[in-house]
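S.K.: With the hints as extra help, turn the sequences into a complete structure.
When you line the sequence shown up against this note's numbering, it's residues 218 to 522, in that order.
Among the hints, erroneous ones may be present.
[Unchecked claim] Below, computed lysine-lysine pairings styled on DSBU-like, alpha-carbon distance capped at 35 Å:
1. K328 x K384
2. K338 x K267
3. K476 x K311
4. K267 x K311
5. K328 x K338
6. K450 x K275
7. K275 x K478
8. K323 x K267
9. K384 x K270
10. K450 x K476
11. K328 x K310
12. K450 x K270
13. K275 x K323
14. K267 x K450
15. K384 x K271
16. K270 x K328
17. K323 x K384
18. K338 x K323
19. K450 x K338
20. K384 x K450
21. K310 x K271
22. K275 x K399
23. K476 x K300
24. K478 x K328
25. K450 x K310
[Stated by the list, open to error] Pair by pair, the computed Cβ-Cβ distance ranges are:
26. F354 x S402: 49 to 59 Å
27. L429 x K300: 39 to 49 Å
28. P434 x S402: 39 to 49 Å
29. L429 x N278: 29 to 39 Å
30. K478 x A307: 46 to 56 Å
31. I284 x V413: 18 to 28 Å
32. H469 x L426: 24 to 34 Å
33. K267 x L426: 46 to 56 Å
34. S442 x T355: 16 to 26 Å
35. K300 x P441: 38 to 48 Å
36. L447 x D266: 32 to 42 Å
37. G453 x G268: 14 to 24 Å
38. P295 x R474: 42 to 52 Å
If you're looking for bench data, these hints aren't it; they were derived computationally from the structure. Even glycine gets a Cβ: it sits at the ideal position worked out from N, Cα and C.
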Amino acid sequence: MRIFLLPLTTRQALIYCQRAEQKTTGKASIADRITRKAAQIWSDWEAADKGWKKQLVKYGNQGLQRIPYQEWGLKSFPPSNPKLQAEEIAAGKKYDVLYPGNIMRKDDVPKVMGRLARERKQLHWNRFIGSMVAMPFTIPFALVPVIPNIPFFYAAYRCWSHWRALKGSDHLDFILDNRLYKLTSSPEIEELYEQVAPDAPDFTFVTRLQVLDGSAPPEQILLPSGSHGLVAKVTGVPELSNEVERALWQIHREFEREKAKLAQAEPGKDSNSLNEKAADAKILETRISEKDNTKPKESDRGGAA
Numbered sequence: 218m219r220i221f222l223l224p225l226t227t228r229q230a231l232i233y234c235q236r237a238e239q240k241t242t243g244k245a246s247i248a249d250r251i252t253r254k255a256a257q258i259w260s261d262w263e264a265a266d267k268g269w270k271k272q273l274v275k276y277g278n279q280g281l282q283r284i285p286y287q288e289w290g291l292k293s294f295p296p297s298n299p300k301l302q303a304e305e306i307a308a309g310k311k312y313d314v315l316y317p318g319n320i321m322r323k324d325d326v327p328k329v330m331g332r333l334a335r336e337r338k339q340l341h342w343n344r345f346i347g348s349m350v351a352m353p354f355t356i357p358f359a360l361v362p363v364i365p366n367i368p369f370f371y372a373a374y375r376c377w378s379h380w381r382a383l384k385g386s387d388h389l390d391f392i393l394d395n396r397l398y399k400l401t402s403s404p405e406i407e408e409l410y411e412q413v414a415p416d417a418p419d420f421t422f423v424t425r426l427q428v429l430d431g432s433a434p435p436e437q438i439l440l441p442s443g444s445h446g447l448v449a450k451v452t453g454v455p456e457l458s459n460e461v462e463r464a465l466w467q468i469h470r471e472f473e474r475e476k477a478k479l480a481q482a483e484p485g486k487d488s489n490s491l492n493e494k495a496a497d498a499k500i501l502e503t504r505i506s507e508k509d510n511t512k513p514k515e516s517d518r519g520g521a522a
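M.R.: Below you can see the structure in the form of structure tokens.
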């Protein structure tokens with residue numbers, strides 16, 4: 218098992234766990250069988266030429282795109298359970314944490330991992346309970362003919378997704394608490410950032426207090442859009458392509474919203490600035506004109522002679 222920590226901006230980073238390949242022995246768990254079955258059904262609907270199945274997949278994929286990338290990252294970790302924790306402690310094996318040391322300080326890596334593990338735990342727990350409570354209220358939608366009970370399946374999926382993210386955060390927290398990790402700056406990932414963001418500033422671990430009091434440096438995007446394919450190629454993890462693409466889409470969307478908020482908060486800032494520049498130019502033009510008028514003309518000079 219390997220853990221990747223990839224800075225997306227100077228403040229935000231994507232975490233992803235690449236699980237070790239395991240030989241399938243015995244019968245798959247109920248959760249795994251349901252997940253595979255749901256994936257197969259979704260794939261079949263996606264292949265449909267038209268109709269409600271195609272439309273449902275279209276809007277469903279748009280909804281999945283909006284699920285926070287942090288949640289997807291936590292779901293990549295194997296769900297924490299007492300048996301798994303006992304096995305990891307007994308083995309004493311440390312998992313490689315791969316990161317770009319040329320733009321990310323080694324001391325910041327555990328801090329970022331800890332924040333990703335703990336800051337969203339309460340949120341996932343609350344929404345897990347909320348989705349579970351909502352499920353019974355969606356049962357009457359099953360009376361609608363032909364179309365399946367979409368609200369129920371959505372509530373069930375979000376319930377499962379929040380549970381997986383919660384158990385993934387528990388696993389990451391366990392790895393950090395027991396120091397079952399080894400920090401490794403990957404030369405390949407360093408070269409990747411040198412290639413796609415040669416002049417980008419370093420990643421900085423920023424506290425909430427720094428953001429509130431305005432002492433934090435401005436946030437900038439490090440990985441450009443369209444770099445997700447290269448990330449997957451360099452790391453050798455095809456799954457990272459979708460993860461990075463989704464995360465960058467969400468971050469660019471967030472930046473655009475912040476820009477729009479600033480524009481609404483100060484709507485006349487740009488126009489006022491232009492008006493001030495025009496006024497300054499007018500004053501300068503008037504002064505030059507007055508200066509020219511005070512100069513003696515050639516005819517006056519000749520008459521005086």
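S.K.: Of the hints stated earlier, which fail here?
M.R.: Violated hints (numbers, rising): 2, 3, 4, 8, 13, 16, 21, 22, 23, 28, 34, 37 and 38; every other hint is consistent with the structure.
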